[in-house]
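J.: Listed below, chain by chain, are the residues.
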Amino acid sequence: MATLVVKNLFKHYKNAKYISAQDISFQVNEGEIFGFLGINGAGKSTTIKCITGISPITAGRIEVCGHDIREDAYNAKKNFGFVPDNHAVYDKLTGVEYINYLADLYKVEPEARKATFEKLVKIFNMENAVHNQIMSYSHGMKQKISIIGALIHSPKLWILDEPMVGLDPQSIFEVKNYMKEYAKAGNSVFFSSHNLDTVERLCDRAVIIHGGRVIRDIDLNEYRKTGKNLEEEFIAMTQEATTIQNKERAALRAREEELAKEHGKARASKMIMAEVKDTLDTAVAATESAGGEGE
Amino acid sequence: MKSVWTLIKLQFKARVALQKKRTGRETAKFILLLVLAAVIFGAFIFAYYMLANQFVMERGSPFDLRREFLIFTILGFQAIQTIFLVPTLVRKLDINNERELLLKLPVTERQIFMSKIFVSYLFEILFATIILLPILIAYAFAANMAWGFAVYIPFILILAPVLPFFIATLLLYPMQKLVAFMRVRAITTSLVYLVGLVLAIIVYMEIVNQIMYAVVDSGQFTEALRENAESIQNGARWFLPQWLFANMIDTRWYTALWSFFAVIGLSAILMVISYIVAGANYKKTFADERAQKTSFACKSTFTKRHPFYASAKKETLNIARSSNYTFQFLIVVVLTPLFVYLVSRVAMFSSYQNFRNWGGAVEEANALTFGVSMFVLLILLPLSSSFAASSITREGWNVYHTKLIPVEFRRQLLIKSLVVFVPIFISIVASVLILRIPYNPDPTGGFALLQYIYGWDAWYLLISGTMLAVGYICMGMYLDLRAPLCNQVAAGELTGSTKHINTIMIIGLVVGGLVGMFTMAGEYSSHLALGPDWLRVVSQIGNMIRPIFFFGAIGFGLISATLLFAHGPRRYYALEQ
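These protein sequence lines map, in sequence, to chains Z and V. First residue of the first sequence: 3, per our numbering; consecutive thereafter. First residue of the second sequence: 45, per our numbering; consecutive thereafter.
No lab work stands behind these hints: they were computed from the structure. Any given hint could turn out to be false.
Stated by the list, open to error - Okay, derived cross-link-like pairs now, EDC-like style, lysine to aspartate or glutamate, Cα gap no bigger than 20 Å in a straight line:
1) V:Lys357 x Z:Glu111
2) Z:Lys16 x V:Glu620
3) V:Lys348 x Z:Glu242
4) V:Lys348 x Z:Glu113
5) Z:Lys109 x V:Glu359
6) Z:Lys19 x V:Glu620
7) Z:Lys263 x Z:Glu277
8) V:Lys343 x Z:Glu129
9) Z:Lys80 x V:Glu452
10) Z:Lys230 x Z:Glu242
11) V:Lys343 x Z:Glu120
12) V:Lys343 x Z:Glu113
Just so it is clear, the structure is predicted and the values come from calculations on it, not from any experiment.
Put together the whole structure using the sequences plus the hints.
T.: This is the structure:
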């Protein structure tokens, strides 16, 4: 059964000249560790923000354990735990207060929250810090408390955006082990990373995105058997995609400059925006007519 | 020595920000504040001059208390200087950028200390020049001093800060300990400040009340001075350093001269002790950086709470543990009933006296008090309510977190608004209730007991004040929701006003000021039997404004709440940073 379904996702930020996510589709199944790869600016964080409900989606459909993130946000949100890349946690609270607050929001019973908390605190070696204010934590400790917070309600889907950044080797090891253990228990782990080596060794499947489009969906269990090198393949693929993207963007800039000569900068910018909107509408309509998800 | 001089220049630049170029707007604001401060200080100097006159009698008269007045003036100045100096020294002699300085410049820890202590003392001389010099000049005019007194003035300005400096250095260590404790206990710090402030305001208003009583019976003050002249003279002699200073100005030349040398000697001893004590303390601070702790630990257990309560608790803790918000918000909320009460008390007393003299009735005093209380309440409400206009911005990067938790946006908005509204509502209720306490405007207890305002006026204040607060809170939150500045407060700590806070404050102050003023003036003029035509116009406007404002406040509250709770969730969903 799929814990996460992303179908024909489109995302366009207001006043942006490029579409951040274009017809992205994939799914994450139960018991799977799923890697989400892409170079900087590929659209990884945008996609994750759409999945978690942080950013509104322009078109498409996202389901978490069968619950639509827009129509049934409450149940969708109850089924995932998210570790953001910016370690945004409430600095003024102590570690225990923060976790207790999250457990209250997810209505976790006291015994269950205590058991999960104690287990995770021990794994991440946080025993001595949990009663301190989070503002006194190091970068890595904030990441750890964020991980504990995301898992306190034992969600079916664990989403992590660049989870290894800022962690010490010991903690990276523990996080990777816990990911495996968590997936083995029938849950799913979805994480974005730049560390191709980790993804290749840890994940069951991975998706590579570039310029807001999925350029490869890989079954890593099969891939490992081929003896190929993911890093080399990733670089080759993204370089090719970057060349195409650069050409597209250069064409767009040239068009804007051309329009600017005729109509002035401000008007040209508006016209380009309107063209982008048209492109988006056409793409969404095409997806719909092909049997995909529209608005 | 050259290194110390370089450090002094650096310290001086940092403190007066000479290198910073002000924008035109900043310059205008600075000049405006300067003019305002000069006006307030000018009024104080005038009041001081008037007060000094009361103490000056014919020289040689047993009732001549001019020197005692001067002694208490210098004592008062030094007490104020000490109060300001203690936190300044704690801040300045703390470890700030020392490590950086030691790395960048060929200086020692001792040289840094010397520069710090020198600049701090220099600023105290500046403080004395700005505050004490005009006071001494006013005194000289009141006491009809000869120009010779001016010879010693520069020495007084240089030496008067020595005693405050000495006391401040003695208090440095315990204060540093206290500050280190309070730095991590924002709520405790705020409460301590608040209690201090409330007490200061009560004392101040009591003094105002007493002065008003004295004004009503003008001979009473002079009589009291005469009766207590001997004990005042005896009491003043106990303050030796101040007595020596007074001698320098207000006595024969030989007494002035030996007093001058005595002051020099005493100051030298105190300065040496101050330097040694502060130096030892600085060395210790430098060694262990004991005041660096900025967070605290507290043991808590796992208890299950309803998500609504858990969110409200988180919101409250976030506010309470940030001294900036706690202080700004709590101060207005707590001070509102106090100000309403104290100002109404003064208004009630003076209007009762006036109307009694003019043959008016009790109702007239009540009506005027209502106008005054309404004015104060309306002016203070936007100051506290505008706090809600940073509800989303204050989240900083955590605004993402609020979007992914399984709590509906409408409910989150309700929690955020209630956290601000509940204390404000309590404050309004307290303000209204306190005005219904029976009060006797006669100091001798001769009049009948009164209540400050009538029952229906109390309901009017309660309903209109509450709805206005609802309006400000919901409107402020909606504005903030439309364009939060979360990316500017990544650390989750908002230190200054945002444009939304300013918008609500300005609208509130203008509306509150106008409505309050017209109500006050309307109530006052409508009870005058005779008066100029313009007063009648004011009265008519005041009477017209009263119902319009009442229904306007209700309408504003309802519209703002509808806007926030009907359209807010959609805005929240669309929020992207």
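J.: Now, for every hint given, state plainly whether the structure supports it.
T.: Outcome of the hint check:
The suggested pairing of lysine 357 of chain V with glutamate 111 of chain Z holds, with an alpha-carbon distance near 18 Å, which does not exceed 20 Å. Under the criterion of a C-alpha separation no larger than 20 Å, the hint pairing lysine 16 of chain Z with glutamate 620 of chain V is consistent with the structure, at around 9 Å. A C-alpha spacing of about 54 Å is found between lysine 348 of chain V and glutamate 242 of chain Z, which places the hinted pair above 20 Å, so the restraint is violated. Note on lysine 348 of chain V and glutamate 113 of chain Z: the hinted pairing holds, with a Cα-Cα distance of about 10 Å set against a maximum of 20 Å.
Between lysine 109 of chain Z and glutamate 359 of chain V, the direct Cα distance comes to roughly 18 Å. Compliance with the 20 Å bound is thereby established for this hinted pair. With a CA separation close to 17 Å, the supplied pair lysine 19 of chain Z and glutamate 620 of chain V stays within the 20 Å bound. For the given pair, lysine 263 of chain Z sits about 17 Å from glutamate 277 of chain Z by alpha-carbon distance, which is consistent with the 20 Å threshold. Restraint check: the Cα-Cα separation between lysine 343 of chain V and glutamate 129 of chain Z comes to about 12 Å, which is no more than 20 Å; the hinted pair holds.
For the hint pairing lysine 80 of chain Z with glutamate 452 of chain V, the CA-to-CA distance comes to about 12 Å; that is within 20 Å, so the pair holds. At most 20 Å may separate the alpha-carbon atoms for a hinted pair to count; lysine 230 of chain Z and glutamate 242 of chain Z meet this at roughly 18 Å. A hinted pair counts as satisfied when its Cα atoms are at most 20 Å apart, and lysine 343 of chain V with glutamate 120 of chain Z qualifies at roughly 15 Å. Proximity of lysine 343 of chain V to glutamate 113 of chain Z is assessed by CA-CA distance (about 18 Å); at most 20 Å being required, the pair is judged to hold.
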